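As given, the protein sequences belong to chains R and S, one line each in that order.
Using our numbering, read the first sequence as starting at 1 and increasing by one per residue.
Using our numbering, read the second sequence as starting at 1 and increasing by one per residue.
Calculated from the structure, these hints are not laboratory results.
Note that the structure is predicted; figures quoted are calculated from it, not measured.
Where hints are given, some of them may not hold.
[To be verified] Cβ-Cβ distance ranges computed for the label pairs, FRET-style:
id	chain 1	residue 1	chain 2	residue 2	range
1	S	Glu-243	R	Thr-123	41 to 47 Å
2	S	Gln-48	R	Thr-123	35 to 41 Å
3	R	Arg-187	S	Asp-265	53 to 59 Å
4	R	Ile-226	S	Ala-206	53 to 59 Å
5	S	Gly-61	R	Ile-213	50 to 56 Å
6	S	Asp-265	R	Glu-74	23 to 29 Å
7	S	Asp-137	R	Ser-155	19 to 25 Å
8	S	Gly-103	R	Ile-213	39 to 45 Å
9	R	Ile-30	S	Glu-185	52 to 58 Å
10	R	Ser-73	S	Thr-100	49 to 55 Å
11	S	Arg-51	R	Ala-188	39 to 45 Å
[Claimed, not checked] Think about it this way: if two alpha-carbon atoms lie no more than 20 Å apart in a straight line, the pair counts; the simulated DMTMM-like pairs of lysine to aspartate or glutamate are:
id	chain 1	residue 1	chain 2	residue 2
12	R	Lys-31	S	Glu-99
13	S	Lys-84	R	Glu-101
14	R	Lys-142	S	Glu-99
15	R	Lys-45	S	Asp-265
16	S	Lys-84	R	Glu-99
Glycine residues also receive a C-beta, built at the ideal position from the N, C-alpha and C atoms.
Protein chains: 2
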Amino acid sequence: MLNRTVYFISDGTGITAETFGNSILAQFTIKPRHVRRPFIDTVDKVHQVVREINHTTELEGRRSIVFVTLVDSELLAILKTQCKGMVLDMFNTFIEPLETEFGITSNHRVGRFSDISKSQEYTDRIEAINFSLAHDDGQSAKNLEQADVILVGVSRSGKTPTSLYLAMQHGIKAANYPLIPEDFERRAIPASLAPHKAKCFGLTIAPERLCEIRNERRPNSKYASIENCRHEVAEAESMMRREGISWLSSTHKSIEEIATTILRDIRPDRLMY
Amino acid sequence: MLNRTVYFISDGTGITAETFGNSILAQFTIKPRHVRRPFIDTVDKVHQVVREINHTTELEGRRSIVFVTLVDSELLAILKTQCKGMVLDMFNTFIEPLETEFGITSNHRVGRFSDISKSQEYTDRIEAINFSLAHDDGQSAKNLEQADVILVGVSRSGKTPTSLYLAMQHGIKAANYPLIPEDFERRAIPASLAPHKAKCFGLTIAPERLCEIRNERRPNSKYASIENCRHEVAEAESMMRREGISWLSSTHKSIEEIATTILRDIRPDRLMY
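Produce the entire structure from the sequences given, and follow the hints as far as they go.
This is the structure in structure tokens:
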């Protein structure tokens, strides 16, 4: 396979365009070179990036693929007319039919995140991240009534990254609490969680996978042994069943999939987006 | 403005589609109701969601907007032919021209994250999150040679959320270290950072904004006073200038914008995507 380059051109961070472009490219077996060019928001910068793309296209002997999110129509026009790559306009492709449908024109406001740093939505996201960090791994039982979700599960079942993802992507205040051998002996969830059971959500994991993960951390420990992993997982699952806590297995799921399932199932009141 | 509903229909989490759809809708002044329907991966589920959309469209008297990422052509065909909403097919719109350009057909593989939980990319992201957590706020100087980036700056300048974002979104191992009064007195960056100066990146912030943020945490403290904030910020900036560390101001920037700028400027070797 000869070389081929994919460009992501945006007037903002280009993160949305690149993530979306990647999920489209994942449908193909080819592995092109990726180049991101964020903050392309002046005529000069567009000309510079057009020169770069045209040079690459000539060198490689095949059109570069150019995923574009440019709001300014002047900048977009320069790119579309002068660029020798294959331009995929991710924005206007959908903006134009929506303008017709809504019967109004769009703002042509640059960048999803422009000036967002002072918006309520952004402040809430940062606050959610701070909350989730402060309530990681049962560190604090303070202000649990403010939590939107409390993840529970045995150590290394995926609670921490899922909590942080919920906070960062969705502005959800996600606390997490480990279920530990003491809880299994008492046959009850940690006392501080009892008043908040309705917002608890459990993560479980296949003992074999848990054993692998724990062995990376503490090789050959009792903690990581398959017998102990089997025991803890079985105890945690029966506790969640007994307490009526919804749960899912993180074994074959990414944090995105876990987070999406949690949001679908418990529908926190304050879903940001 | 009458009611209007926007649906995000996906066979996976739908997160990419929703984030991207939101950035398109942000170009319009209308504020439609958002409904996400993830994991729509069977004929039955498609029929159910079509009934829901058609019902909404009838109730509201205007077509629902339906952002769709469905890979399976049978499911997509049902939706396209039977749904009375306005279907915006975010996937095939770009897949089809790319199939022509590449001269190959696409995989029609469902979901960007399917079975990703065991992939190297996913493992690396989780490892980066764990690394960033373990190296938050100068907690550990261990394994700093493994860091891709080390953020430095005064307390509450935005280092923690930016580090976590770099890890979660880009699989970047981002440590962060506070610059504290002791460092300013010694007129030198923390000793453990000295060997790693090339991967340090500074965050600064307007003293007025810093004062606001710190006052939320510790109202009326010396720590939060405008005089102290001015002093710390001036000291930190002159230290970074002296040490030759690149830096930017987080005052009017979101974590996405800060992260994108960092990646553009220091180009860590192992950029995941």
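Hint check results:
For Glu-243(S) and Thr-123(R), the hinted distance range of 41 to 47 Å is not satisfied, since their beta carbons lie about 32 Å from each other. The hinted window of 35 to 41 Å between Gln-48(S) and Thr-123(R) holds, with their beta carbons roughly 37 Å apart. The hint said 53 to 59 Å for the Cβ distance between Arg-187(R) and Asp-265(S), and at roughly 54 Å that hint holds. Range check, Ile-226(R) to Ala-206(S): Cβ separation about 54 Å, and the 53 to 59 Å hint holds.
Separation of Gly-61(S) from Ile-213(R) is about 53 Å and conforms to the stated range, judged on CB atoms against 50 to 56 Å. At about 27 Å, the CB distance of Asp-265(S) to Glu-74(R) agrees with the hint of 23 to 29 Å. For Asp-137(S) and Ser-155(R), the hinted distance range of 19 to 25 Å is satisfied, since their beta carbons lie about 23 Å from each other. A C-beta distance of roughly 42 Å is found between Gly-103(S) and Ile-213(R), which places it inside the suggested range of 39 to 45 Å.
Distance hint check: the CB atoms of Ile-30(R) and Glu-185(S) are about 56 Å apart, consistent with the given range 52 to 58 Å. Look at Ser-73(R) against Thr-100(S): about 26 Å separates their beta carbons, and that is not inside 49 to 55 Å. In this structure the supplied range 39 to 45 Å holds for Arg-51(S) paired with Ala-188(R), their Cβ-Cβ distance being about 43 Å. For the hint pairing Lys-31(R) with Glu-99(S), the CA-to-CA distance comes to about 14 Å; that is within 20 Å, so the pair holds.
With a C-alpha separation of about 13 Å, the suggested pairing of Lys-84(S) with Glu-101(R) holds against the 20 Å cut-off. A hinted pair counts as satisfied when its Cα atoms are at most 20 Å apart, and Lys-142(R) with Glu-99(S) does not qualify at roughly 54 Å. Our distance criterion of 20 Å between C-alpha atoms is met by Lys-45(R) and Asp-265(S), whose separation comes to about 16 Å. About 18 Å separates the Cα atoms of Lys-84(S) and Glu-99(R), which keeps this hinted pair within 20 Å; it holds.
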